[in-house]
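Engineer: Top to bottom, those sequences are chains A and B.
Per my numbering, the first sequence starts with residue 6, numbered consecutively.
Per my numbering, the second sequence starts with residue 6, numbered consecutively.
Treat each hint with caution, since some may be false.
Pairs count within a copy or across copies, as identical chains cannot be separated in the list.
[Claimed, not checked] Under the rule of at most 27 Å between Cα atoms (straight-line distance), these lysine-lysine pairs were calculated in the DSSO-like manner: (1) K197 to K102; (2) K132 to K61; (3) K143 to K132; (4) K132 to K197; (5) K27 to K168; (6) K309 to K143; (7) K245 to K102; (8) K102 to K132; (9) K309 to K255; (10) K239 to K27; (11) K27 to K238; (12) K245 to K312; (13) K239 to K228; (14) K245 to K275; (15) K27 to K143; (16) K96 to K306; (17) K225 to K290; (18) K27 to K286.
Quick caveat, the hints were computed from the structure, so don't treat them as lab data.
2 protein chains.
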Amino acid sequence: MIDLSRYQNIIGSEIAQINFPKAPQNLYAPLTYFLALGGKRMRPILALMGCELFDKDLNAAKHAALAVELFHNFSLIHDDIMDDAPLRRGKATVHSKWDQNIAILSGDVLMVKAYEHLATYDGQVLKSLLQLFNTTAKQVCEGQQWDMDYESATAVTIDQYIKMISYKTAVLLGCSLEMGAIIAGTNTTNRKALYEFGLNLGIAFQLQDDLLDVYADQNKFGKQVGGDILANKKTFLLLKAFEDADASTKTVLQNSLTNLKGSEKITAVKAIYAQLDIPAKTTEKMNEYYEIALQNLSEIKVPKNQKAPLFALSEFLMQREH
Amino acid sequence: MIDLSRYQNIIGSEIAQINFPKAPQNLYAPLTYFLALGGKRMRPILALMGCELFDKDLNAAKHAALAVELFHNFSLIHDDIMDDAPLRRGKATVHSKWDQNIAILSGDVLMVKAYEHLATYDGQVLKSLLQLFNTTAKQVCEGQQWDMDYESATAVTIDQYIKMISYKTAVLLGCSLEMGAIIAGTNTTNRKALYEFGLNLGIAFQLQDDLLDVYADQNKFGKQVGGDILANKKTFLLLKAFEDADASTKTVLQNSLTNLKGSEKITAVKAIYAQLDIPAKTTEKMNEYYEIALQNLSEIKVPKNQKAPLFALSEFLMQREH
């Protein structure tokens, strides 16, 4: 079992040191509240690990780690408004605890705070960090827009879906790692391989997320198992089912989504998934990306023992049951 | 009469060259639309003038000029949501033409685009630009929050009001000019004096805005004269009136705001303003800031003829009737 506490302690202590101004209270109190909700801090951990991989003191990547974590939290605050989500990590979202205007504006200022942490770097490192971060930030916004567009779209292809989850989620993992690598001063080949590792791992992780939402053990799963099915969410599983089903099965699937409710709906859709071998096909796709990720990591030219934490983290992420 | 067309042509051509991606259309089409609504482009003009002041080719400041203009437009798109404004420059706002989620997200990506233009600079110039820009961006958010807070606040002091308009509006003018100065490579004393010039000119401009809203010639004024009075907006005029009124006048003023409507309300409030000499007091306050601005400009150590465009611009801004 990988011990992430060493990284988490650094991040936790850095976040605890962020001292938002007292006023305007309606702008900054929501940020103190939201950052205290916690989370796995996976992105800042990746930034630290990406730096350490190249044998550089991970403290050098602290501000980059904070930048990605603050950016991630900015995107969550705004996404929660757009999704009208009442809860985040079991607690009230900013727009439901305060109001929507406060959530818009405190999200905005949090994005600026992310850039403040980037601006602590100098010279070519600063410039490279900014270029990578800007590209990634735009992609995260594009991914969120596609996600919203696809909710009402009639036809979404698997390729479109993979691109959407890449942009919405996976690119920020790649970016976090590569920022660590930039700070460590490694060469472009290593940097790009590390980015690809994060990107592919992120896609695999998101596909696993789709799978767990249907097949997780409810006792270990934080959300309602089957929630995606109940919400007609266009996950990899549903899109693949529509792709592989014959005309009559397609009709049954569409009718189940439209007319059924509750556990009956979940059971009906799962029956079609089983009939079409969707769990195995999803696992296969997930493993495809996971294997590419491991290949990316193995290609990076550093002593193998320095890669151990990232291999361990990959394994840990892909073996979760919740 | 100052000829701004030389600067406006550069800005216009730069903005026309921004090529947003075709997709996701719902993310980028609103930005193309919103930037085409125009506006005076005062902030990017200031960035160009701030550079030219120190005898440097103003083209060097083009990207900084774009950064402040894109940031300004980001803040307008989000402010329009918060203020629930249906129109901007006579056209539908982004959230009313598309929807609120699209306005949030396209605003977000526009802020990132602003940082992309900053990231074209290098070394210490990049770092200085970022630090100034980040500080300013936070202040603009804080100013907007105070503005919203003050809508429902019972007591707002003149000092609080001046700080609010400074943050919401004036700091970005100072920032635009100083960014030009940073790019021109002048010394810190000149930079700071130029920033202060923009800040104080911005405050004077905003006070003039408050004054014009009540006393402009309706034939030359773009908005409804008296609109601030009808909306019970806490402008400098209203706050000063409450500050200077005796108890019985205060009661009359409060009753007029609460109970009267339309032209009757405007007439009643204007009568109290006249009685308390509010127009002259506002003009005096405005001139106070304008004089400091001119003083700031005169202290900058460059040949006087190089300052001519900024003196002319100041005069132009403070003589508007609309």
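Engineer: Each hint: holds or not?
Structural biologist: Now the hints, each set against the structure:
no.	hint	result
1	K197 to K102	neither (41 Å within a copy, 40 Å between copies)
2	K132 to K61	both (20 Å within a copy, 23 Å between copies)
3	K143 to K132	both (17 Å within a copy, 21 Å between copies)
4	K132 to K197	both (16 Å within a copy, 25 Å between copies)
5	K27 to K168	between (41 Å within a copy, 16 Å between copies)
6	K309 to K143	neither (34 Å within a copy, 44 Å between copies)
7	K245 to K102	neither (38 Å within a copy, 35 Å between copies)
8	K102 to K132	neither (38 Å within a copy, 36 Å between copies)
9	K309 to K255	neither (48 Å within a copy, 78 Å between copies)
10	K239 to K27	between (42 Å within a copy, 23 Å between copies)
11	K27 to K238	between (41 Å within a copy, 26 Å between copies)
12	K245 to K312	neither (34 Å within a copy, 66 Å between copies)
13	K239 to K228	within (17 Å within a copy, 47 Å between copies)
14	K245 to K275	within (13 Å within a copy, 68 Å between copies)
15	K27 to K143	between (31 Å within a copy, 14 Å between copies)
16	K96 to K306	neither (43 Å within a copy, 56 Å between copies)
17	K225 to K290	within (24 Å within a copy, 65 Å between copies)
18	K27 to K286	neither (52 Å within a copy, 33 Å between copies)
Of the numbered hints given earlier, the model fails hints 1, 6, 7, 8, 9, 12, 16, 18; all others are met.
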